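**Student:** Chain by chain, the residues run as shown.
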Amino acid sequence: MGSICNKAIGVFFEYDTPRIVHIRSKKVGVINRLLQLIIIGYVIGYAIVYKKGYQEVDAVQSAVTTKLKGVVYVNQSQYPDITTSVWDVAEYVVPPQENNAFFVITNLIETPKQTIGICSEDPKVIGSNCTTSSQCPAGKVLPAGNGLLTGECNTTAGLCLVRAWCPVENGALKPPDPPALLGSKDFTVFIKNNIQFPKFKVKRRNLPDNASDEFFQTCNYGSHSIDCPILRLETIVREAGENYSAMAKEVDMRNILDFFNDSMLAKCRFKLNHPEDQYCPIFILNDIISLTGSNYKEMALSGGVIEIQIQWNCNLDLSVTECVPKYIFRRLDSADYKISKGYNFRYAKYYKENDTEYRTLFKAFGIKFILSVTGEAGKFNFEPFLINVGSGIGLLGIATVLCDIAVLYFLKARHLYKDKKYLQVVGDDAYKQLDGQNDEDKSE
Amino acid sequence: MGSICNKAIGVFFEYDTPRIVHIRSKKVGVINRLLQLIIIGYVIGYAIVYKKGYQEVDAVQSAVTTKLKGVVYVNQSQYPDITTSVWDVAEYVVPPQENNAFFVITNLIETPKQTIGICSEDPKVIGSNCTTSSQCPAGKVLPAGNGLLTGECNTTAGLCLVRAWCPVENGALKPPDPPALLGSKDFTVFIKNNIQFPKFKVKRRNLPDNASDEFFQTCNYGSHSIDCPILRLETIVREAGENYSAMAKEVDMRNILDFFNDSMLAKCRFKLNHPEDQYCPIFILNDIISLTGSNYKEMALSGGVIEIQIQWNCNLDLSVTECVPKYIFRRLDSADYKISKGYNFRYAKYYKENDTEYRTLFKAFGIKFILSVTGEAGKFNFEPFLINVGSGIGLLGIATVLCDIAVLYFLKARHLYKDKKYLQVVGDDAYKQLDGQNDEDKSE
Amino acid sequence: MGSICNKAIGVFFEYDTPRIVHIRSKKVGVINRLLQLIIIGYVIGYAIVYKKGYQEVDAVQSAVTTKLKGVVYVNQSQYPDITTSVWDVAEYVVPPQENNAFFVITNLIETPKQTIGICSEDPKVIGSNCTTSSQCPAGKVLPAGNGLLTGECNTTAGLCLVRAWCPVENGALKPPDPPALLGSKDFTVFIKNNIQFPKFKVKRRNLPDNASDEFFQTCNYGSHSIDCPILRLETIVREAGENYSAMAKEVDMRNILDFFNDSMLAKCRFKLNHPEDQYCPIFILNDIISLTGSNYKEMALSGGVIEIQIQWNCNLDLSVTECVPKYIFRRLDSADYKISKGYNFRYAKYYKENDTEYRTLFKAFGIKFILSVTGEAGKFNFEPFLINVGSGIGLLGIATVLCDIAVLYFLKARHLYKDKKYLQVVGDDAYKQLDGQNDEDKSE
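Residue numbers (this note's numbering), protein chains in the order written: chain P, 1 to 444; chain V, 1001 to 1444; chain S, 2001 to 2444.
The set of hints was computed from the structure by calculation and includes no laboratory data.
Since the model is a prediction, treat every value here as computed from it, not as a measurement.
Where hints are given, some of them may not hold.
[What the hints assert, rightly or not] The calculated lysine to any residue pairs, modelled on SDA-like cross-linking and capped at a C-alpha distance of 20 Å, are:
1) P:Lys-326 to S:Phe-2200
2) S:Lys-2026 to S:Thr-2400
3) P:Lys-363 to V:Tyr-1350
4) P:Lys-341 to S:Lys-2069
5) V:Lys-1297 to V:Val-1074
6) S:Lys-2113 to S:Asp-2081
7) S:Lys-2203 to S:Ala-2059
8) P:Lys-124 to S:Lys-2069
9) V:Lys-1113 to V:Arg-1163
10) P:Lys-7 to V:Val-1030
11) V:Lys-1069 to S:Ala-2172
12) V:Lys-1201 to V:Asn-1313
13) V:Lys-1418 to V:His-1022
14) P:Lys-26 to S:Lys-2007
15) S:Lys-2051 to V:Glu-1056
16) P:Lys-67 to P:Gly-183
17) S:Lys-2051 to S:Gly-2041
18) P:Lys-140 to P:Asn-129
19) P:Lys-27 to S:Phe-2012
20) P:Lys-113 to V:Glu-1357
21) P:Lys-26 to P:Ile-38
22) P:Lys-51 to S:Phe-2380
23) P:Lys-199 to P:Thr-321
24) V:Lys-1069 to S:Pro-2167
25) S:Lys-2067 to P:Ser-334
26) P:Lys-326 to S:Lys-2199
27) S:Lys-2113 to P:Tyr-350
28) S:Lys-2199 to S:Val-2320
29) P:Lys-26 to V:Gln-1424
30) V:Lys-1113 to S:Ala-2059
31) P:Lys-341 to P:Pro-143
32) S:Lys-2363 to P:Ala-348
33) P:Lys-69 to V:Arg-1163
34) P:Lys-7 to S:Arg-2414
35) V:Lys-1051 to P:Lys-7
[Said to hold, decoys possible] Computed spacing ranges between beta-carbons, pair by pair:
36) S:Asn-2315 to V:Gly-1010: 36 to 42 Å
37) S:Asn-2170 to V:Thr-1115: 32 to 38 Å
38) P:Glu-376 to S:Lys-2174: 46 to 52 Å
39) P:Asn-315 to S:Phe-2382: 18 to 24 Å
40) P:Glu-376 to V:Thr-1115: 49 to 55 Å
Built from N, CA and C at the ideal position, the CB exists for glycine as well.
Could you put the whole structure together from the sequences, leaning on the hints where they help?
**Tutor:** Structure follows, in structure tokens:
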């Protein structure tokens, strides 16, 4: 029909729609509608609505800081080997700062007044026993040894001599029971967490905006009234039971961030699952341990590792005030382990007297708390929505395919349907037949 | 049509194409083409091209190290309570190392020569006031207290006696104003960041390869010439204004990593938004604080928390040299807070004299810098591309559905169209009619 | 056609299927089937099976702790400037704890007995040279300087006088060669890694459950038997070669976590790529460095940064016992750098004598190990599977489009095919022709 221009414009005035064979059949109709309903139900009900397939997601970005408070007194008569009797924050938090973690000493073995010299190796070190010097090859360091073998054997003690910080730590000593710093269970940690979902330009904090220092002070150690979110770790431990290898116990600590006020903080004390008592981002260590299903005293003995997970799963199609954190506590070390049960490390304090350096070695057992901020936010976005819709439409084609199979191969009237559905055209040599109209042509 | 074999082979020589009703109608044609253009425009223009739906993405994996430089002198006459007068890196970075973070002391309160003993509790501690001993129950630790109550009241002072590191810290003391280590604003931090996108086997660094130590030395403290990327935090603070609770001020610090040379580093000084002056990964602390919209002196008073985000968003379909980091600075603490404004922690230095241990307690106020490396890389991949294309084709079906509705229900000629579109076939009992051809059959 | 009710019910008893033009043509048939096979092959073979398009993925969440063991002796005669001769864990791990990282001192420069006072600046500091006092402006701190200029010049030494910790560190000193703590190459690090995939409720550890402390003790330093997974870093360095700027060498350290037993640990020593010798999560530092392709001695001289990546890529459709970690070691600093080669930082030990504070400054060179846990788990889920299927069905439409183009425009019989495929209907004014049947109508 004329020129290319006409054809091009013509394209805009044409509409192609497939010719449809409309079969009125109860059997096939019901199967067809059923299949379509299932597919549509899945796409809309499950993929789009339930699994939020209409949302774009963004992972949380976060920064956390912590601050501990608390003092414990270690009775010299009960613990004669521990030279310091008052342990405050500067004493029991070693190192004073860590990023996304903090450590609290709960028990310790002190080896005071060590100076570099030559002395007997610790009998618990494998290979330290000797009867002759040949059993102590000079220059070697025994596995888990304290120093360098000098090549001599202290035949009296039956132990190799080493060049080390002497006297060496006594490997036979078990950490004191009960734990020296068991009082640490009443310490509190104030966790401040700032997060953002950059794709959606949303920033949140796990703190309320209008409370004061004074209230946080009393809130920490307040009476057992019912409305404070301070985690009484003791309580939580008991309530969660003893099975720390089970799924972490979750505490839904919705910090009702936007209507928190001073007076609530003044009287508050956390109660598990209490709708109003979940406000303070101040946790008592005992409560944290209990929430993992462990017992503080048992854990304080040889130490352990706790993961504090702050989970921000937010649906930003709702009000942003609904975007609150959830705290999950999980114990990571396991009492099942014979290997390296608990958690400990060594550090030292250094002194000088008359130009000689000496040190006190601390084998510090304690609880390492590792902070982990996770989560994602979802918000409506056309893209994932339309991908799901487009795929859903593609899936509807399956209903047609299956019903076609039923109609063309299994129903009684299948020959009729085949006739009606297919217009047979003979192929490559068809053009030869263009002149002579034949049966197939007319049967269309 | 003989055996199965023939049928199987026959499948390869057949082609099924839907029969199309070709309607030449201006109204419907325009609607149809418009809908198709919108859908195709969305799929190609938005989902695929603009949102890079043709790319596979990979999140960044990163490691960061930092190194601070700087010295500040604290005048004893101005700050009589601070016993150390020269503060260098070993003094003000506590602890000496943190992973993905560093802390700089900007102000402090010293309590020197503390030894363990019995003394009056701090009057600022709630519950420390007393007139009789019964008000100081032995064994208890007051909230935010310094030690264990002995059970006695110092009636002269009107304060409970505690077993603690004595003398206790004076809770009434405010951090000195102006901040003792205000000079820290001129300190520099050298941030070294290694990243990789493992899926695409791409590794990048935020450092140029061919600069020398000497130039980084002069580059740090160079004159105010215009071409250095050292962040003059002082400048950035002013330029960003005072509103730190607003969206973080972004500095597009494209380290032009691959054509950086020594002489440029020698003279360089960062200027916000200057196309060439963004080279050094060396930041002056004052500049970082300013970039968040804060004032260094105000922040140094009680401390604070800054997040330094190194963002690597790379399009790996372009040259890998375009994959450069972007630095975003955000202040995390808030002056709105009455709670725990600023940032501080306590640590101590230990000494021994005549076998008695004593310590100097430091309440260190300062700025905690938390490093966060984020970002993702995208690269063309058939998978996401074809998923988008497939969904797009499915979406085109919507155009047909909508136009069919218009054609069959709203146009004048709808009855004709219905006739032409649908071939009516009566269902289950149709086979009975196979023998007798009827009208519906012929009307096809 | 009665009421709406009838119509609604009628919908369930109807089935619409497109009328198909069935062309028997070898050419088109083959092209069509080929295109369909390619598309189906891509969708099923590549997108779904190979790229696991049927799986939902979840990123790993992790917590890691480390513990070092080892002692090294520093010979005073070889290193007269180093005052401590025995270096154990409390000495060489500074700070004692870091989250997701640890640092080991391998070399150092000590500046003992520093006290605050006035002395000459270090000649290596740029600007420290002077002949007159005017060249030393009071109150200024030189770049990389040690203290505050007093305004006076020590004309004898030709250096500006500074108020600093005196004597200042000698900037001309190079770290000792060979490294003072070269013995650190035999230290071992025990890495404990807990991970979880929360979406699938799967928790894993990189440790076996049934080994004891004693075996880990001997396992560390055991003989060179073939079945232990302890990484002999010395070996790995050699085997990986010297090219640390190349792709990180991977060690497939499958901890066969669920059938590990004590006796295997007792005798074990890691051998690269040995199917059974990959059990201990205990690494010898030398082995780690070697695995990156570096030489320990060279790295220990000025220090460096190593990334230890623990990669958990798990297919949870298989047994969960197959979910094991893979360790990848990568060196992050580069010897290509003239800038800040290696890794070092400064810290100090403090002492008091007669009420004067003095300190020993340590410039510690060493290896910073940064731990990075990455990975994701996949598990079958209908959603991603059906999205791929739906998109695939959409893609099949492309085959039809392409074959239609071939059939309608390129084959000899194209006019016949066009006739058969399209039922021409004239549009808007068609209703006028409803009365008069015309040629176009009849040609259907």
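**Student:** All hints, please: hold or fail.
**Tutor:** Outcome of the hint check:
Straight-line distance between C-alpha atoms of P:Lys-326 and S:Phe-2200 comes to about 19 Å, which keeps the hinted pair within the 20 Å bound. Restraint check: the Cα-Cα separation between S:Lys-2026 and S:Thr-2400 comes to about 16 Å, which is no more than 20 Å; the hinted pair holds. Between the alpha carbons of P:Lys-363 and V:Tyr-1350 the distance comes to roughly 17 Å, so the proposed pair stays at or under 20 Å and holds. At most 20 Å may separate the alpha-carbon atoms for a hinted pair to count; P:Lys-341 and S:Lys-2069 meet this at roughly 16 Å.
Pair hint V:Lys-1297 plus V:Val-1074 holds up; C-alpha atoms about 15 Å apart against a cutoff of 20 Å. Taking the CA atoms of S:Lys-2113 and S:Asp-2081, the gap is near 12 Å; set against the 20 Å cutoff, the hint holds. Using a Cα cut-off of 20 Å, the hinted pair S:Lys-2203 and S:Ala-2059 holds, with the two alpha carbons roughly 12 Å apart. As the CA atoms of P:Lys-124 and S:Lys-2069 are separated by approximately 15 Å, the hinted pair is consistent with the 20 Å bound.
Annotation: proposed proximity of V:Lys-1113 to V:Arg-1163 holds, straight-line Cα distance about 16 Å (limit 20 Å). The suggested pairing of P:Lys-7 with V:Val-1030 holds, with an alpha-carbon distance near 14 Å, which does not exceed 20 Å. About 18 Å separates the Cα atoms of V:Lys-1069 and S:Ala-2172, which keeps this hinted pair within 20 Å; it holds. A C-alpha spacing of about 15 Å is found between V:Lys-1201 and V:Asn-1313, which places the hinted pair at or below 20 Å, so the restraint holds.
Taking the CA atoms of V:Lys-1418 and V:His-1022, the gap is about 13 Å. The hint holds against a cut of 20 Å. Under the criterion of a C-alpha separation no larger than 20 Å, the hint pairing P:Lys-26 with S:Lys-2007 is consistent with the structure, at around 14 Å. Annotation: proposed proximity of S:Lys-2051 to V:Glu-1056 holds, straight-line Cα distance about 12 Å (limit 20 Å). As the CA atoms of P:Lys-67 and P:Gly-183 are separated by approximately 17 Å, the hinted pair is consistent with the 20 Å bound.
Using a Cα cut-off of 20 Å, the hinted pair S:Lys-2051 and S:Gly-2041 holds, with the two alpha carbons roughly 13 Å apart. A C-alpha spacing of about 14 Å is found between P:Lys-140 and P:Asn-129, which places the hinted pair at or below 20 Å, so the restraint holds. The hinted pair formed by P:Lys-27 and S:Phe-2012 meets the criterion: a straight-line CA distance of about 9 Å does not exceed 20 Å. At roughly 12 Å between alpha-carbon atoms, P:Lys-113 and V:Glu-1357 fall within 20 Å of each other, so this suggested pair holds.
Among the hinted pairs, P:Lys-26 with P:Ile-38 is consistent with the structure: their alpha-carbon atoms are about 18 Å apart, no more than 20 Å. Restraint check for P:Lys-51 and S:Phe-2380: satisfied, since their Cα atoms lie roughly 15 Å apart, inside the 20 Å limit. With a C-alpha separation of about 18 Å, the suggested pairing of P:Lys-199 with P:Thr-321 holds against the 20 Å cut-off. Our distance criterion of 20 Å between C-alpha atoms is met by V:Lys-1069 and S:Pro-2167, whose separation comes to about 18 Å.
Distance hint between S:Lys-2067 and P:Ser-334 is fulfilled; the C-alpha atoms sit about 16 Å from each other, no more than 20 Å. In summary, the hint linking P:Lys-326 to S:Lys-2199 is supported, as the alpha carbons are separated by about 16 Å, within the 20 Å threshold. Between the alpha carbons of S:Lys-2113 and P:Tyr-350 the distance comes to roughly 14 Å, so the proposed pair stays at or under 20 Å and holds. Taking the CA atoms of S:Lys-2199 and S:Val-2320, the gap is about 14 Å. The hint holds against a cut of 20 Å.
Distance restraint check for P:Lys-26 and V:Gln-1424: the Cα-Cα separation of roughly 14 Å lies within the 20 Å cut-off, and the hinted pair is therefore satisfied. Distance check on the hinted pair: V:Lys-1113 and S:Ala-2059 sit about 51 Å apart at the alpha-carbon level, beyond 20 Å; violated. Distance check on the hinted pair: P:Lys-341 and P:Pro-143 sit about 19 Å apart at the alpha-carbon level, within 20 Å; holds. As the CA atoms of S:Lys-2363 and P:Ala-348 are separated by approximately 19 Å, the hinted pair is consistent with the 20 Å bound.
At roughly 17 Å between alpha-carbon atoms, P:Lys-69 and V:Arg-1163 fall within 20 Å of each other, so this suggested pair holds. Pair hint P:Lys-7 plus S:Arg-2414 holds up; C-alpha atoms about 18 Å apart against a cutoff of 20 Å. Of the pairs offered as hints, the one joining V:Lys-1051 and P:Lys-7 is violated, with about 34 Å between alpha carbons and a cut-off of 20 Å exceeded. Distance hint for S:Asn-2315 and V:Gly-1010: a CB-CB separation of about 41 Å, consistent with the stated range 36 to 42 Å.
Distance hint check for S:Asn-2170 and V:Thr-1115: the Cβ-Cβ separation is about 37 Å, which falls inside the suggested range of 32 to 38 Å. The given range of 46 to 52 Å is respected by P:Glu-376 and S:Lys-2174, whose C-beta atoms sit roughly 50 Å from each other. For the pair P:Asn-315 and S:Phe-2382, the supplied restraint of 18 to 24 Å holds, since their beta-carbon distance comes to about 22 Å. Distance hint check: the CB atoms of P:Glu-376 and V:Thr-1115 are about 52 Å apart, consistent with the given range 49 to 55 Å.
Going down the numbered hints, you'll see the structure goes against 30, 35, while the others check out.
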